[in-house]
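These protein sequences, in sequence, are chains A and B. Here the first sequence is numbered in my numbering, starting from 2 and rising by one per residue. Here the second sequence is numbered in my numbering, starting from 127 and rising by one per residue.
I should point out that these hints are in silico values taken from the structure, not numbers from a laboratory. As the structure is a computational prediction, the values presented were derived from the model and not from experiment. It cannot be assumed that every hint is accurate.
Said to hold, decoys possible - Cross-link-like lysine to any residue pairs, in silico, SDA-like; alpha carbons within 25 Å at most:
#1 A:K11 x B:Q216
#2 B:K198 x B:E182
#3 B:K170 x A:D97
#4 B:K166 x A:A89
#5 A:K55 x A:D28
#6 B:K149 x B:Q216
#7 B:K149 x A:K11
Said to hold, decoys possible - From the structure, some residues in chain B lie toward chain A, with a derived Cβ separation under 7 Å:
#8 V139
#9 R141
#10 F145
#11 A153
#12 L192
Glycine residues also receive a C-beta, built at the ideal position from the N, C-alpha and C atoms.
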Amino acid sequence: MPNAHDVLFKTLADPTRRAIFERLCRDGEQTVAALTARAKVSQPAVSKHLAALKQAGLVRDRHEGRQTHYSAQLRALAPLLDWTRRLAGFWENRFDDLEDLLRRMDQ
Amino acid sequence: MTKAATDTLSVVVERDIPFPAEKIWRALTQPHLIEEWLMKNDFKPVVGHSFNLRGEWGGVLDCEVLAVEPNKSLSYTWNHTHEDPAYNLQSVVTFTLTPTGRGTHLRMEQSGFAPTQRQAYGGARAGWENMFAKLEEVLAKTE
Numbered sequence: 002m003p004n005a006h007d008v009l010f011k012t013l014a015d016p017t018r019r020a021i022f023e024r025l026c027r028d029g030e031q032t033v034a035a036l037t038a039r040a041k042v043s044q045p046a047v048s049k050h051l052a053a054l055k056q057a058g059l060v061r062d063r064h065e066g067r068q069t070h071y072s073a074q075l076r077a078l079a080p081l082l083d084w085t086r087r088l089a090g091f092w093e094n095r096f097d098d099l100e101d102l103l104r105r106m107d108q
Numbered sequence: 127m128t129k130a131a132t133d134t135l136s137v138v139v140e141r142d143i144p145f146p147a148e149k150i151w152r153a154l155t156q157p158h159l160i161e162e163w164l165m166k167n168d169f170k171p172v173v174g175h176s177f178n179l180r181g182e183w184g185g186v187l188d189c190e191v192l193a194v195e196p197n198k199s200l201s202y203t204w205n206h207t208h209e210d211p212a213y214n215l216q217s218v219v220t221f222t223l224t225p226t227g228r229g230t231h232l233r234m235e236q237s238g239f240a241p242t243q244r245q246a247y248g249g250a251r252a253g254w255e256n257m258f259a260k261l262e263e264v265l266a267k268t269e
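One chain only, chain A, in its complex shape:
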């Protein structure tokens, strides 16, 4: 799993790439041309970002005629959600100890 984590975090660390991924999450399946029209970078740059996202399992491509359609794969975010759950778990445990302490403390 550590490798999957690293790839996921590194892939989403690039703001332009993250913006492309967010657009796919928000607006659903899109072509490279449609994504380029909304991005601040060239089509080859968008394609490169999509390739990185695909490699991380964050997007899937579908060929239709001469067009390639990309869609977000939200399941790929699972390791990230797992991590935040563990962080929340750390604080839940601390809060348990805090409540124990409060019960023992004088008013």
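Here the structure of chain A is known, so what remains is to put chain B in place on it, guided by the hints.
Relative to chain A, chain B alone:
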């Protein structure tokens, strides 16, 4: 789900606690009490005060008090500096206390881990995983 892809990642833990805010505030701000539920520390409720939180596993967190509003809110940085950038962690912890009819609503938000900063995202993850691993070791020993 898209929360994960925003500039900052944050974790929120909330709980209704059947005690007045003043009492919880003491547990959040008095060093000997903080130690009982969180970690060893040299905390002072003074904005700008730098302190450390020391975990039983040997980890040391560098903190600085950012905001103090007695019985209402407390905010400090929660940073883990490590020579290996993969283990660096930069975050801010904010506690908010809101009186309710039966006690106090306590909210903790930890935010940071801006993925735009090189390594910070993975670093935060690595730092926490390291911390959890050590924490689990400690807990396993005490059981």
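Hint by hint, here is what the structure shows:
no.	hint	in the structure
1	A:K11 x B:Q216	holds (17 Å)
2	B:K198 x B:E182	violated (29 Å)
3	B:K170 x A:D97	holds (23 Å)
4	B:K166 x A:A89	holds (21 Å)
5	A:K55 x A:D28	holds (17 Å)
6	B:K149 x B:Q216	violated (29 Å)
7	B:K149 x A:K11	violated (43 Å)
8	V139	holds (4 Å)
9	R141	holds (5 Å)
10	F145	holds (5 Å)
11	A153	holds (6 Å)
12	L192	violated (18 Å)
In summary, the numbered hints that this structure violates are 2, 6, 7, 12.
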